[in-house]
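**Student:** The lines below spell out each chain.
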Amino acid sequence: MIKAALLILVLAAAGLFFWRANRPGPENGPSDPLPPIAARRSNAPAALPWVDPSKQQASAPAGKAAGQPGPDAGNSAARQAALSTVRAADTPAQKLALLDEILLSRNDNDPRLDTAFNDLSPQTKRLFRAKFRQLPDEKRNELGTVVYLLGRNLKTEEDWAFMREVAAAPPCLSLQDCSMQAKTEPDAHVSAGVEITLSYPAVMALKRAERILQAGPGSGNPDAAQALQLIAAAKNSPSKTVADLAANIERRYSRP
Amino acid sequence: MKGKVVTGLIALALAALFTAVAHKRPYAPPADLRDAMSDGSALADLRSAGPVSAPAPVPAAAPVPVDNQFPGAVAPAFDKDVPADLQRQLGLDLAFVGTLSGKNTSPLHNQIFGQMGGPSYLRFFSDRIKMVGLYDWDKKPVVACVIPAISPAKMWLSGSYIKTSQPQIARIMIVFHESRHSDPENENWRHVNCPDPFRDANGKDMLSILTGVPLAGKPGCDASPLGSYGSSLIMLKNIQRYCTNCTEKVRMDAGLYADDQLARITDSNARNAIRNDVYK
Numbered sequence: 001m002i003k004a005a006l007l008i009l010v011l012a013a014a015g016l017f018f019w020r021a022n023r024p025g026p027e028n029g030p031s032d033p034l035p036p037i038a039a040r041r042s043n044a045p046a047a048l049p050w051v052d053p054s055k056q057q058a059s060a061p062a063g064k065a066a067g068q069p070g071p072d073a074g075n076s077a078a079r080q081a082a083l084s085t086v087r088a089a090d091t092p093a094q095k096l097a098l099l100d101e102i103l104l105s106r107n108d109n110d111p112r113l114d115t116a117f118n119d120l121s122p123q124t125k126r127l128f129r130a131k132f133r134q135l136p137d138e139k140r141n142e143l144g145t146v147v148y149l150l151g152r153n154l155k156t157e158e159d160w161a162f163m164r165e166v167a168a169a170p171p172c173l174s175l176q177d178c179s180m181q182a183k184t185e186p187d188a189h190v191s192a193g194v195e196i197t198l199s200y201p202a203v204m205a206l207k208r209a210e211r212i213l214q215a216g217p218g219s220g221n222p223d224a225a226q227a228l229q230l231i232a233a234a235k236n237s238p239s240k241t242v243a244d245l246a247a248n249i250e251r252r253y254s255r256p
Numbered sequence: 257m258k259g260k261v262v263t264g265l266i267a268l269a270l271a272a273l274f275t276a277v278a279h280k281r282p283y284a285p286p287a288d289l290r291d292a293m294s295d296g297s298a299l300a301d302l303r304s305a306g307p308v309s310a311p312a313p314v315p316a317a318a319p320v321p322v323d324n325q326f327p328g329a330v331a332p333a334f335d336k337d338v339p340a341d342l343q344r345q346l347g348l349d350l351a352f353v354g355t356l357s358g359k360n361t362s363p364l365h366n367q368i369f370g371q372m373g374g375p376s377y378l379r380f381f382s383d384r385i386k387m388v389g390l391y392d393w394d395k396k397p398v399v400a401c402v403i404p405a406i407s408p409a410k411m412w413l414s415g416s417y418i419k420t421s422q423p424q425i426a427r428i429m430i431v432f433h434e435s436r437h438s439d440p441e442n443e444n445w446r447h448v449n450c451p452d453p454f455r456d457a458n459g460k461d462m463l464s465i466l467t468g469v470p471l472a473g474k475p476g477c478d479a480s481p482l483g484s485y486g487s488s489l490i491m492l493k494n495i496q497r498y499c500t501n502c503t504e505k506v507r508m509d510a511g512l513y514a515d516d517q518l519a520r521i522t523d524s525n526a527r528n529a530i531r532n533d534v535y536k
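From first to last, the protein sequence lines stand for chains A and B. Under the working numbering, the final residue of the first sequence carries the number 256; numbering is consecutive throughout. Under the working numbering, the final residue of the second sequence carries the number 536; numbering is consecutive throughout.
Keep in mind the hints are simulated off the structure, nothing from the lab. Any given hint might turn out to be false.
Restraint-style ranges between C-beta atoms, simulated for each label pair [what the hints assert, rightly or not]:
(1) A:PRO122 / B:ASP456: 33 to 41 Å
(2) B:ASP394 / A:GLU157: 41 to 49 Å
(3) A:ASP177 / B:ASP452: 25 to 33 Å
(4) B:PRO453 / A:ALA93: 49 to 57 Å
(5) B:ALA409 / A:ASP119: 43 to 51 Å
(6) B:ASN442 / A:SER179: 36 to 44 Å
(7) A:ARG126 / B:ASP383: 47 to 55 Å
(8) A:ALA225 / B:SER524: 37 to 45 Å
Over the 12 Å line for every Cβ pair with chain A, so calculated as not near, a few chain B residues [as the list claims (entries may be wrong)]:
(9) ILE406
(10) PRO408
(11) GLN422
(12) PRO440
(13) PRO453
(14) SER488
(15) ASN525
(16) ASN532
(17) LYS536
Mimicking DSS-like on lysine-lysine, the simulated pairs with C-alpha atoms at most 30 Å apart in a straight line are [claimed, not checked]:
(18) B:LYS395 / A:LYS139
(19) A:LYS207 / A:LYS155
(20) A:LYS139 / B:LYS396
(21) B:LYS536 / A:LYS235
Note that the structure is a prediction, hence the values are computed from the model and not measured. In this text, a Cβ means the ideal position worked out from N, Cα and C, and glycines have one as well.
Using the sequences provided together with the hints, build the complete structure.
**Tutor:** Here is the structure:
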């Protein structure tokens with residue numbers, strides 16, 4: 001009888017221990033959107049626009065190089081924090097988790113976009129390409145962000161083939177549903193900027209090609225030929241925005 | 257005696273178990289967008305917003321609760337039917353722009369916003385927009401608008417502001433474009449009709465991407481560098497060129513969307529003024 005009671009007691013203690021070890025934190029439940037990264041790292045409240053700017057910390061952006069004084073000091077701290085995270089997150093799965101976290105935050109000024117995705121391994125790039133294919137077409141910014149990051153890591157033919165595929169992809173017809181054009185009354189005012197967003201992944205691929213061509217053609221720029229191939233593929237895009245942008249870039253950077 | 261000890265141990269164990277179960281935090285999700293979308297309630301909110309084309313009674317304002325945490329802060333008031341997620345996203349986007357700092361400022365930027373940086377942008381917004389309402393997307397697919405005839409200090413946002421996926425810079429561009437319409441000058445910087453024909457640099461007709469309808473002759477252009485298209489272009493171009501704490505993506509996005517807006521400045525003098533200001 002005593003043994004049974006002791007067993008129950010041990011089980012109860014184990015239950016308590018397990019609960020304490022696994023309970024969610026006081027701030028962020030599993031469904032809560034993530035606050036800006038710098039704000040979370042500094043344990044400060046999420047930065048809000050109506051805060052007195054003089055008292056407000058940088059909510060997310062990258063800062064100057066570490067050690068520089070001045071108003072960007074908080075940003076430097078954020079960058080340092082971001083760099084420390086980079087060291088921790090270096091497996092493909094961790095990189096993907098980090099990418100997911102940033103995409104979920106909808107914070108394009110997360111400094112880790114600049115620091116955590118450089119020199120991606122082939123495995124990580126494969127994971128990112130798979131992520132790209134899993135995302136719904138309507139996730140224009142997320143898709144474009146993945147292309148943007150992969151574009152910073154172009155090394156193999158496989159990498160370039162993916163970029164060409166993105167550049168020549170069928171256009172997204174509306175932000176609500178890529179498969180169908182919006183049925184609306186004409187309104188010239190409402191469509192500002194939408195063209196870029198609808199073509200955003202392909203535009204990201206093209207901008208990377210443009211960046212490569214800016215370094216100049218020739219033997220000193222071994223990726224220039226690949227970049228021109230990408231642009232040639234984009235010129236055939238059914239998207240007018242993409243085709244026009246490709247034509248403009250080609251006009252500027254092609255050899256006479 | 258032995259029985260009492262056993263009974264006591266069992267009671268203690270049961271109490272410990274009860275405590276563990278009773279205090280386990282429930283995984284109750286907040287009322288965020290994805291939840292609202294999954295059960296359709298966000299759409300229902302939008303549909304119930306009612307028309308906005310006619311002067312309608314303005315719903316009672318519901319101040320943003322977080323405002324109380326920040327003394328001296330300036331926050332827009334939100335109509336009661338503006339979903340919390342929409343309020344939050346606007347807050348996060350303005351927080352993002354509020355942290356920007358720059359090493360330089362173009363003359364036109366200085367004229368419109370002041371020195372480049374978060375305080376200037378927040379002041380520009382908060383001086384103009386005092387209230388935010390919910391726009392009925394089903395009526396017209398606009399992400400945001402200011403309707404001066406109803407209230408120049410009120411911005412209407414549709415659920416599309418959070419339901420569609422856009423770069424953060426694109427949302428900011430929309431918000432500041434609409435904020436400019438709040439100004440009384442030049443009939444709230446009313447747009448002019450685009451020229452007819454209206455063609456891009458490649459000689460092709462400029463089309464509304466939403467409908468494929470040519471923009472020629474439609475009121476979607478500006479003749480001034482200081483209007484809604486021009487001011488948001490100048491803001492973005494300054495971010496692209498001078499922001500010292502932006503990611504490369506933000507700067508690239510800012511350049512992309514700014515360049516796209518330039519096509520809407522149809523007056524040659526206005527275009528030249530902008531070119532001299534931020535493109536030279």
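**Student:** Hint by hint, work out which the structure violates, then give me just those numbers in ascending order.
**Tutor:** Failing hints, ascending: 11 and 14.
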